[in-house]
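Asker: These are the residues of each chain, in order.
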Amino acid sequence: MRIIRFIIVKEFIQIFRNPLLVLIILSQPFIQVLLLGTAGGDINYASVYVVDEDLSSTSREIISKMKGSDFFDIRGAALTMDEAYKVMEYKNINLIVHFPPNFEKKLIKEHSSKVQLVTNAIDAITASLTYAYSSEIIGAVNKDVAIKWSKKSLSNKAATVSIPYSYWYNRALISQYIMVPAMCVAMVVMITILLSGMNIVKEKEIGTMEQLNVTPMRKTHFIMGKIIPVWIINIVLLAIGLILSSLVFHVPVVGSLWLVFFLSGVVMFLLLAVGVLISVISNTQQQAMFFTFFIIMIFVIFGDFITPIDNMPSWGKAMAELNPQAYYSRMIHLVITKGSGIKDILPDLLKVSGLTFATLAVSLWIFNKKD
Amino acid sequence: MSQPEKTYSISVENLTKKFDDFVAVDKITFNVQKGEIFGFLGANGAGKTTAMRMLIGVLEPTSGKGQVAGYDIFKNSRKLKKHIGYMSQKFSLYDDLTAKENMRFFGGIYGLTNKEISSRTKELLTHFGMEHIEKERVSSLPLGWKQKLAFCTALMHKPDVVFLDEPTSGVDPSIRRQFWEMIYETAEGGVTVLVTTHNMDEAEYCHRISMMVAGKMITVDTPQNLKDKYKLETMGEVFLHLARGYEKEHAITAS
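These protein sequence lines map, in sequence, to chains A and B.
Numbered according to our numbering, the first sequence terminates at residue 371, and the numbering increases by one at each position without gaps.
Numbered according to our numbering, the second sequence terminates at residue 255, and the numbering increases by one at each position without gaps.
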């Protein structure tokens, strides 16, 4: 244990003697959480072009309702669809609303009529939101019209079922409640792997590893001495990240804050083990750097961050089983957003611990064999 | 140098290291007495470093026997490491730590107590006239001083045997001289020194030297005896004579 302490002290001295490194590390919570947390904001705006070939009171009512909503910005009107398509091609238009001739007449006579919605699906998420919101507005108008024109048969015609949504665990659908904890997770994953990945290979590169190999120091002690400082640094970074998320974005931590730190501490050891493995496989810091970026990319893509794991093909789900970031973001969201307790995340915690020991064992084996 | 076998610090018999088909070290046999300065000579690739790596317990020999500081190099490599010091060819202290911090770190790794570390650091730096660099970052020291510091660091845990792998390559003659004074003082204190070198002037400073050519140890003797034997003036001439002679002989038998 004493030997580990000497290594930890040495590591901290070295880190603090490198002001640029300290600056980069400490700026991470601010950059990642503040900047990226804000940048990934809600979609709250869509530009619209109207093609009204009907020019009826119903079509105007729909248009005016859209005008009245904060979400839609009516940029202009065209006489034909061809014209509107051209505008969509050259300008940034999210939606074309097309009322065909006799739209209102049909609605009155046949109790049904069609409005055409053309969404620009280059940005799929905006497109689907735009579509959903405009359908909602049209649906509302539709109901009013039905009531107005068929008063006689009001009793059965207007009896529609409406579906009010309630998004549980994030009722207001504030994306930052999801994004900011996710950014904390991404930050911890990146910094932990990067720092520990560079750590041991650096000693190989500068030649001190050769000197250390001649000492009676055990490799397990060495690895522990190397990863504990990184662990401490990341706990501090996480604390800064969570303080920012609470102060700036008012992200509520529904579950226990201690549990957030506990599960983070456990996951960090897995991330450190991954870093150690990279460090042990690589011979130069350059190799380790490329390796780290490659791995972080995979972790992020299959990490429940960009695509939900439930929507992945089976091989993607299988990969997520080995992915520290997937476990981490799942557990963080459970505890922070949903308020889950330790029982709910225990299976994940056990899997993470298992993976940690396996990764460390492989690293040690390679380390002992190679050097 | 009059003691019998029992005081051998290093004793090696038929020590061999093979990498696949390549025999890097071929059945070398030699003994080094306590307090002796033993030189390992040989051209690049002759097998000096490989031989040394086996003796310091980082490379497992293929066959043969070996004892260093009373420990078997096969069985007790970890215990052995506690009793030896090593200074590598490549400078290998931490550039971003001060002289004192480096010594403290390595002292700690060898399991010294804080008190031992403080007193030993002071003792070594004072003894070798290096107190003034105590708080200097290693990166700011000239190469010669770095090497001297590396030597001090290798002595932190009072090893019985110190291994120096080309310790003075690249340093100026005056520092080299100081360095050798350090080696002499250390050896007089009863520490055995095994040093590899290319520099034939340095070979003269050794009590005894061995010559390695193509993995084989072709001679072990005092520098004076070797010069007398071949009637040559300097160790450089002896080296060339032996190396060429061996290669010629070898080429003839091979063809």
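Derived by calculation from the structure, the hints in this document are not laboratory data.
Worth double-checking, as some hints may not be accurate.
Quick partial rundown of chain B residues pointing at chain A, CB under 8 Å, derived from the structure [to be verified]: (1) Tyr8; (2) Arg78; (3) Ser88; (4) Asp96; (5) Leu240.
Straight line, CA to CA, 27 Å or less: simulated DSSO-like cross-link-like pairs of lysine-lysine [claimed, not checked]: (6) Lys79/B with Lys219/A; (7) Lys204/A with Lys34/B; (8) Lys34/B with Lys369/A; (9) Lys90/B with Lys202/A; (10) Lys34/B with Lys158/B; (11) Lys79/B with Lys369/A; (12) Lys115/B with Lys219/A; (13) Lys146/B with Lys202/A; (14) Lys75/B with Lys100/B; (15) Lys369/A with Lys115/B; (16) Lys204/A with Lys75/B; (17) Lys158/B with Lys204/A; (18) Lys343/A with Lys369/A; (19) Lys34/B with Lys219/A.
Ideal Cβ positions, reconstructed from N, Cα and C, are used throughout, including at glycine.
Asker: Does each hint fit the structure? Answer for all of them.
Answerer: Hint-by-hint comparison with the structure:
no.	hint	in the structure
1	Tyr8	violated, 21 Å
2	Arg78	holds, 5 Å
3	Ser88	holds, 5 Å
4	Asp96	holds, 5 Å
5	Leu240	violated, 31 Å
6	Lys79/B with Lys219/A	holds, 15 Å
7	Lys204/A with Lys34/B	violated, 33 Å
8	Lys34/B with Lys369/A	violated, 33 Å
9	Lys90/B with Lys202/A	holds, 15 Å
10	Lys34/B with Lys158/B	holds, 14 Å
11	Lys79/B with Lys369/A	holds, 19 Å
12	Lys115/B with Lys219/A	holds, 25 Å
13	Lys146/B with Lys202/A	holds, 20 Å
14	Lys75/B with Lys100/B	violated, 34 Å
15	Lys369/A with Lys115/B	violated, 36 Å
16	Lys204/A with Lys75/B	holds, 26 Å
17	Lys158/B with Lys204/A	holds, 26 Å
18	Lys343/A with Lys369/A	violated, 40 Å
19	Lys34/B with Lys219/A	violated, 31 Å
Checked against the numbered hints above, the structure violates hints 1, 5, 7, 8, 14, 15, 18 and 19; every other hint is satisfied.
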